[in-house]
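Q: In case you want the letters, here they are:
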Amino acid sequence: MRKFSVVEGVVIPLNRANVDTDFIIPKQFLKSIKRTGFGPNLFDEHRYLDKGEPDADNSKRPLNPDFVLNQPRYRNGTILLARENFGCGSSREHAPWALDDYGIRVIIAPSFADIFFNNCFKNGLLPIVLEKEIVSKLFQEVEANEGYSLSVDLTSQTITTPSAEVIHFEVDEYKRQCLLDGLDEIGVTLQDADTIRDFEQQWRERAPWYFATPGQAGN
Amino acid sequence: MAGKTLYDKIWDAHLVRQREDGTALIYIDRQLIHEVTSPQAFEGLRLAGRKPWRAEANLATPDHNIPTTREERSRGLDGIKDPISRIQVKTLDENCQEFGILELGMNDLRQGIVHVVGPEQGATLPGMTIVCGDSHTSTHGALGALAHGIGTSEVEHVLATQCLLQKKMKNMLVKVNGKLGPGVTAKDIVLAIIGRIGTAGGTGYTIEFAGEAIRSLSVEGRMTVCNMAIEAGARAGLVAVDDTTLDYLKGRPFAPAGELWERAAAAWKELVSDADAHFDHVVELEADTIEPQVTWGTSPEMVAPVSGSIPDPAVETDVSRRGNMEQALKYMGLQPSTAIRDIQLDYIFIGSCTNSRIEDLREAAQVVKGKKVAANIELAMVVPGSGLVKQQAEAEGLDRIFIEAGLEWREPGCSMCLAMNADQLPAGKHCASTSNRNFEGRQGFGGRTHLVSPAMAAAAAVAGHFVDVRQLNNA
Ligand code: SF4
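Protein chains in written order, with the numbering used here: chain A, 1 to 219; chain B, 1001 to 1475.
The following block holds chain A by itself, in its conformation from the complex (with noise of 0.2 Å):
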């Protein structure tokens, strides 16, 4: 997974509560059996006019000019400020690839869902959690600000502002780790493999009525 430590860039206000996963990258182009290549259908219902496709040419669909995304003092940022509930909806983690891959390194809203917001974290994607107050004054200082970016700082756990305010923000120790040294999340897990055996001979002796074979038990 790539590392993280510093993100400076430019901010892009969602103004919206509750963006589902729907909203973050529709259903048809979930049938893709890869992890890439979903940023052009980032938002795709609001960020086009017409109904997308896995296989269109996305450089010749119409887009919706009022949408955030389109507006030229938003094109390349890497922050992404939203509303409450950011991320509700399904498990699907296409939704993290597909903000990653336009992009995307940093989120910040009031609340997240909680499978999207532990997706981000696998992802080298980092959400972070601010009060409203605080994301709610982001927003008008966003707005009335072109070309306002953060500096997010993961080992200090800091948000610098573009007139040098300083916000602190909490992270799990662990994911926090994680994201920093680019860990695999499984080869860490695996270290642990002798625990996890032992646990799992004690949990057969216990409960054998979960080990039975599907397909097998009881015939």
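Just so you know, the hints here were simulated from the structure itself, not pulled from any lab data. Heads up, a few of these hints could be off.
Capping the alpha-carbon separation at 30 Å, the derived lysine-lysine pairs in DSS-like fashion look like this [what the hints assert, rightly or not]: (1) A:K60 x B:K1081; (2) B:K1269 x B:K1167; (3) B:K1051 x A:K34; (4) B:K1372 x B:K1429; (5) B:K1081 x A:K51; (6) B:K1179 x B:K1009; (7) B:K1330 x A:K51; (8) B:K1004 x B:K1167; (9) A:K60 x B:K1330; (10) B:K1167 x A:K3; (11) A:K34 x B:K1081; (12) B:K1009 x B:K1168; (13) B:K1051 x B:K1168; (14) B:K1170 x A:K132; (15) A:K132 x B:K1168; (16) B:K1167 x B:K1051; (17) A:K3 x B:K1051; (18) A:K132 x B:K1330; (19) B:K1090 x A:K51; (20) A:K3 x B:K1168; (21) B:K1004 x B:K1179; (22) B:K1269 x B:K1009; (23) B:K1004 x B:K1175; (24) A:K34 x B:K1090; (25) A:K137 x B:K1330; (26) A:K34 x B:K1167; (27) B:K1170 x B:K1269; (28) B:K1429 x A:K51; (29) A:K132 x B:K1167; (30) A:K60 x B:K1429.
Chain A is fixed; fit chain B with the ligand onto it per the hints.
A: Relative to the frame of chain A, chain B with the ligand by itself:
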């Protein structure tokens, strides 16, 4: 010291290792797999040269991309017209082959929506930890299992390690007291709960559903409730084990039998929250105040009783909520203060992992029996949740009732719940749907979804607009 909740008990039993920072390694008993969220996980295993830790803990079935007409299904993989969908289903077959995972393939009689198949096969057992790369995995909590959706990286993690890294959630109790009125169902309970606590109300919690109204539900009804725990923001929903649970499971193919069953059943009876258990948050509802529910907006919390009307954003004081309501009504093409009964419909969809089990189909059939689908309904379809549900329904003659009333009787799959296959709701059309999400574009680009119970969807099919199913029955 306070007692333990059901969630605490299952968590403690599966704790492999507690890390100092609060994350824990939790052992996973069962993983369910479908074609959409697994290809990249298997690919990850291949790239790292890893094997499944315990292949037999996994059970796979394709559901999201599967066509639902008999003609297409009879041609197997070739019947999937969309080449990208076909590759995804084929990839699942190949991956299961390669990694030695049992798959109930697209034309196996036992195939179906993964959350219908698991319990039906007895692959979902009380006290298990269950995961699936699908948020509606919460469904399985109806049997007293700790079950939740995970992302694809976690699917790979569980395949490779049989464990998941987790932080423990908080405990919420949702108690539904008293008895439901006639014509009011599990779906109405859960929509009413979401209407009360909101789509983020359960974020960070595992919700245990309790109270007389929940206890009186069948396992199928409990599944409907737990299915939508995720729509309230909770990754997992739970219902304590009782005789209803055990009666449901006994004799199912993957459930233990004989002496092992006796031992298991005795252990499972302990799977209830202790009387003095501590819940971080408690919500209570009175069942007799719950009416049949209908969603009018683009989030499951935008819901109203059938006797009610669409709220007026102008009187909403919270600015951001007002904005959401306005956006939703614009998308839905609806006016504030319209009576729910005056919402005209074009499509009817009875299916999905929320409501496609045999009892759901019985409920719907009972309403349409001897009646006809209204002339303004362009398509009304019934999609059973699995091949076995379909077989049972046909044995009971439900298919005839539907067909005679003018509804289409389809092959099992997710279908128009999320429209990844060919079953799509056209733009601008209103659909009464028994599924679980009414997000923008969920059932098809520009489609307008109203979530309801099977009985309410059936009543709407006959009337052409929403009606109170309780009055239709008397008419
Ligand atoms: S029926 Fe709908 S909600 Fe259920 S698993 Fe299929 S797509 Fe998801």
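Q: With reference to the structure, classify each hint as holding or not holding.
A: Hints versus structure:
The suggested pairing of A:K60 with B:K1081 holds, with an alpha-carbon distance near 25 Å, which does not exceed 30 Å. For the suggested pair B:K1269 and B:K1167, the alpha carbons sit about 26 Å apart, so the restraint of at most 30 Å is met. Using a Cα cut-off of 30 Å, the hinted pair B:K1051 and A:K34 holds, with the two alpha carbons roughly 20 Å apart. The suggested pairing of B:K1372 with B:K1429 holds, with an alpha-carbon distance near 20 Å, which does not exceed 30 Å.
The suggested pairing of B:K1081 with A:K51 holds, with an alpha-carbon distance near 19 Å, which does not exceed 30 Å. Straight-line distance between C-alpha atoms of B:K1179 and B:K1009 comes to about 29 Å, which keeps the hinted pair within the 30 Å bound. Our distance criterion of 30 Å between C-alpha atoms is met by B:K1330 and A:K51, whose separation comes to about 18 Å. Restraint check for B:K1004 and B:K1167: the C-alpha separation of about 17 Å stays at or below 30 Å, so the hint holds.
Taking the CA atoms of A:K60 and B:K1330, the gap is about 27 Å. The hint holds against a cut of 30 Å. Distance check on the hinted pair: B:K1167 and A:K3 sit about 23 Å apart at the alpha-carbon level, within 30 Å; holds. For the hint linking A:K34 to B:K1081, the alpha-carbon distance of about 20 Å falls within 30 Å, and the restraint holds. With a C-alpha separation of about 12 Å, the suggested pairing of B:K1009 with B:K1168 holds against the 30 Å cut-off.
Note on B:K1051 and B:K1168: the hinted pairing holds, with a Cα-Cα distance of about 28 Å set against a maximum of 30 Å. Restraint check for B:K1170 and A:K132: the C-alpha separation of about 22 Å stays at or below 30 Å, so the hint holds. For the hint pairing A:K132 with B:K1168, the CA-to-CA distance comes to about 25 Å; that is within 30 Å, so the pair holds. Proposed proximity of B:K1167 and B:K1051 is supported: the alpha carbons are some 26 Å apart, at most 30 Å.
Note on A:K3 and B:K1051: the hinted pairing holds, with a Cα-Cα distance of about 26 Å set against a maximum of 30 Å. At roughly 26 Å between alpha-carbon atoms, A:K132 and B:K1330 fall within 30 Å of each other, so this suggested pair holds. A distance of roughly 26 Å separates the Cα atoms of B:K1090 and A:K51; the hinted pair therefore holds under the 30 Å criterion. Only pairs whose Cα atoms come within 30 Å are accepted, and A:K3 paired with B:K1168 is accepted, the gap being roughly 26 Å.
Between B:K1004 and B:K1179 the alpha-carbon distance is near 27 Å, which keeps this suggested pair within the 30 Å criterion. With a C-alpha separation of about 12 Å, the suggested pair B:K1269 and B:K1009 falls inside the 30 Å cut-off, and the hint holds. This hinted pair checks out: B:K1004 and B:K1175 have alpha carbons roughly 17 Å apart, not beyond 30 Å. With a CA separation close to 14 Å, the supplied pair A:K34 and B:K1090 stays within the 30 Å bound.
Restraint check: the Cα-Cα separation between A:K137 and B:K1330 comes to about 28 Å, which is no more than 30 Å; the hinted pair holds. Between A:K34 and B:K1167, the direct Cα distance comes to roughly 29 Å. Compliance with the 30 Å bound is thereby established for this hinted pair. Between the alpha carbons of B:K1170 and B:K1269 the distance comes to roughly 23 Å, so the proposed pair stays at or under 30 Å and holds. Restraint check for B:K1429 and A:K51: satisfied, since their Cα atoms lie roughly 16 Å apart, inside the 30 Å limit.
For the given pair, A:K132 sits about 24 Å from B:K1167 by alpha-carbon distance, which is consistent with the 30 Å threshold. Using a Cα cut-off of 30 Å, the hinted pair A:K60 and B:K1429 holds, with the two alpha carbons roughly 27 Å apart.
Consistency note: the structure conflicts with none of the earlier hints.
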